[in-house]
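Visitor: Could you put the whole structure together from the sequences, leaning on the hints where they help?
Sequence order for the protein chains is A and B.
Position 296 (the first sequence) corresponds to 296 in full-length UniProt numbering; numbering is contiguous.
Position 201 (the second sequence) corresponds to 201 in full-length UniProt numbering; numbering is contiguous.
Quick caveat, the hints were computed from the structure, so don't treat them as lab data.
Be aware that a few hints might be false.
Identical chains blur together in the list; that is why a pair holds if it fits in one copy or across any two.
[Stated by the list, open to error] For lysine to aspartate or glutamate, the following DMTMM-like pairs were computed, each having C-alpha atoms within a straight-line distance of at most 20 Å:
#1 LYS255 - GLU299
#2 LYS255 - ASP304
#3 LYS106 - GLU121
#4 LYS179 - GLU213
#5 LYS244 - GLU311
Protein chains: 2
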Amino acid sequence: MKNSKFIHLVDTTLRDGSHAVSHQFTAEQIAAIAGGLDAAGVEYIEVSHGDGLAGSSYNYGWALLSDEGMLKAAAGAIKKSNLTVLLLPGIGTQEDLEMAAHYGAKAVRVATHVTEADIGEQHIGMAKKLGMQAFGFLMMCHMAPPEKVVEQAKLFESYGVDFIYVADSAGAMLPEDVKARVGAVVEAVKVPVGFHAHNNLTMATANALAAVEAGATFLDGACRGLGAGAGNAQTEALVGVLEKLGYQTGVDFYKIMDVAEDIVEPIMHRPQVVRNAPLMLGYAGVYSSFLLHTYRAAEKFNLDPRDILVELGRRRMVGGQEDMIVDVAYQLAQKRGGA
Amino acid sequence: MKNSKFIHLVDTTLRDGSHAVSHQFTAEQIAAIAGGLDAAGVEYIEVSHGDGLAGSSYNYGWALLSDEGMLKAAAGAIKKSNLTVLLLPGIGTQEDLEMAAHYGAKAVRVATHVTEADIGEQHIGMAKKLGMQAFGFLMMCHMAPPEKVVEQAKLFESYGVDFIYVADSAGAMLPEDVKARVGAVVEAVKVPVGFHAHNNLTMATANALAAVEAGATFLDGACRGLGAGAGNAQTEALVGVLEKLGYQTGVDFYKIMDVAEDIVEPIMHRPQVVRNAPLMLGYAGVYSSFLLHTYRAAEKFNLDPRDILVELGRRRMVGGQEDMIVDVAYQLAQKRGGA
Chain A
1 MKNSKFIHLV DTTLRDGSHA VSHQFTAEQI AAIAGGLDAA GVEYIEVSHG DGLAGSSYNY
61 GWALLSDEGM LKAAAGAIKK SNLTVLLLPG IGTQEDLEMA AHYGAKAVRV ATHVTEADIG
121 EQHIGMAKKL GMQAFGFLMM CHMAPPEKVV EQAKLFESYG VDFIYVADSA GAMLPEDVKA
181 RVGAVVEAVK VPVGFHAHNN LTMATANALA AVEAGATFLD GACRGLGAGA GNAQTEALVG
241 VLEKLGYQTG VDFYKIMDVA EDIVEPIMHR PQVVRNAPLM LGYAGVYSSF LLHTYRAAEK
301 FNLDPRDILV ELGRRRMVGG QEDMIVDVAY QLAQKRGGA
Chain B
1 MKNSKFIHLV DTTLRDGSHA VSHQFTAEQI AAIAGGLDAA GVEYIEVSHG DGLAGSSYNY
61 GWALLSDEGM LKAAAGAIKK SNLTVLLLPG IGTQEDLEMA AHYGAKAVRV ATHVTEADIG
121 EQHIGMAKKL GMQAFGFLMM CHMAPPEKVV EQAKLFESYG VDFIYVADSA GAMLPEDVKA
181 RVGAVVEAVK VPVGFHAHNN LTMATANALA AVEAGATFLD GACRGLGAGA GNAQTEALVG
241 VLEKLGYQTG VDFYKIMDVA EDIVEPIMHR PQVVRNAPLM LGYAGVYSSF LLHTYRAAEK
301 FNLDPRDILV ELGRRRMVGG QEDMIVDVAY QLAQKRGGA
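Guide: Below, the structure is given as structure tokens:
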């Protein structure tokens, strides 16, 4: 077991949480949250548009602040923590990464679909040249079997990452799924392994614990769970539970609770509860970007949108295949008609 | 393994959830929820004041409706499910139980503190005479070691209960705590065993799954988690997760989701999120009735109330010992002064 009693925490309130406030964090809010997280002892504070550097756009949602504006606000409030950015190759560029380093980012999470680690190679090389810590971050890991996740993790390792993350981006995993994937990666690579949970099935904290049991030493959280869809593991609860289990995180439980309740909660647009849409996305294991298309197709063919989501999940459809949703709905409707 | 692929569900939206709406459910709301749960296939629908039959009072909070009014509203809407009531000996009486049976209650959960099953003997005898199914329901099970829980479960069994519940009333357990207690009870008794979760540590669904792994075949939930403090396991999520794992519940996943979103959610006074107070109660493992006294004592002695809660948990204080909170706070303050 690698250093199993200390768990490194990455708080992503200011990145994944950005989705939940439609990317409208102000400089004052960013400074207050980043300063609070820093004072509470959080080791990595992720600050970016929800879709990473350069995510602010018509497609992904315009942010109130520029990337520079967000990073400046956070950097000015951080004393000890590692300011961290997210970069999705294809959205963020190497120029964006240089800018982030310039404004004080100490680490970057290079995130790719679970089968596409290879598109992250150049960005990881650039990060290392810039002296940054580099995370290889594999998204939507529920869609690939453990051996595929291992293959991609090894690619990331060969590019020189410092850490590898298994991300349950759709919140579709249950503890055994997490253990199978995280455990296999821990076995296969030399670098520390982390896990990013979503709460679609109300299992975010439990899945994070399963990852730790399987050897993960990095975990993600967000205060009050703030994040896309059903949100993330709730950082303050994660800290409390890890403490109860005898793990150390370096985070002050009371202080992180205060950040959540006094700073983050008042900013939230809506409570991070598990309503039906995120629950169904987790159950079916599909992209949240499928929702709108699915509702439209359901109306057109007089189907329950949930049946379409389940079928999309069964077919392992991935982002970019939204056009095929109408075909799937058509086929389902035909089958119903013929039954 | 006892019938391990079918999990019997008890929905307690209309009982534990009553706490979360200050016991103000209307007859129309009760009929709508009970009817929805029944149509979705929920096997047991618990309907009572949050503190059980005769709970409506100055001490426990006045309910909008009488027990009779609640049960009539529910019974009129239920076709197949078992209308179920909660009874806490010392609050509810045998007369209350006769009344409940008269209005159609098919089952009663006789709930006692984990060390006090003996006060339930008469009520269980009465329930059986009335032809009702009887559950022995052990509350605050995190406060007793597995062997004590077993001893009390056996007492309940000797009184003739049909089912025994292990309840994590303070939401203080983690999966290993659940497995230890539920597993030991399953080993020791012949009747089916259930588990009632609370979400204080964001672990309600995960703890319910742990109970099933340990042999439980009954689980509690509430739509949207509606319940005291951080609330319960979210019934609709529980159904989805159990389905994903291959268990059957007899509950239609889509229909129970619709009950949660279309009927229960609009009635809720506030979203069932894990704020700091319930998180701390779960972390410390203490009664929610301690909160107000703790805040007062903290102010008096200039302490963080959270330190007092942790100390109360460490001393395994139970309900009724609220007067001792000031003493505990005084001792903590003395220790601080001398340090």
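Visitor: Hint by hint, say whether it matches the structure.
Guide: Going through the hints against the structure:
| no. | hint | result |
| --- | --- | --- |
| 1 | LYS255 - GLU299 | between (48 Å within a copy, 19 Å between copies) |
| 2 | LYS255 - ASP304 | between (45 Å within a copy, 12 Å between copies) |
| 3 | LYS106 - GLU121 | within (18 Å within a copy, 64 Å between copies) |
| 4 | LYS179 - GLU213 | both (7 Å within a copy, 16 Å between copies) |
| 5 | LYS244 - GLU311 | between (40 Å within a copy, 14 Å between copies) |
Every hint from the earlier list agrees with this structure, and none is contradicted.
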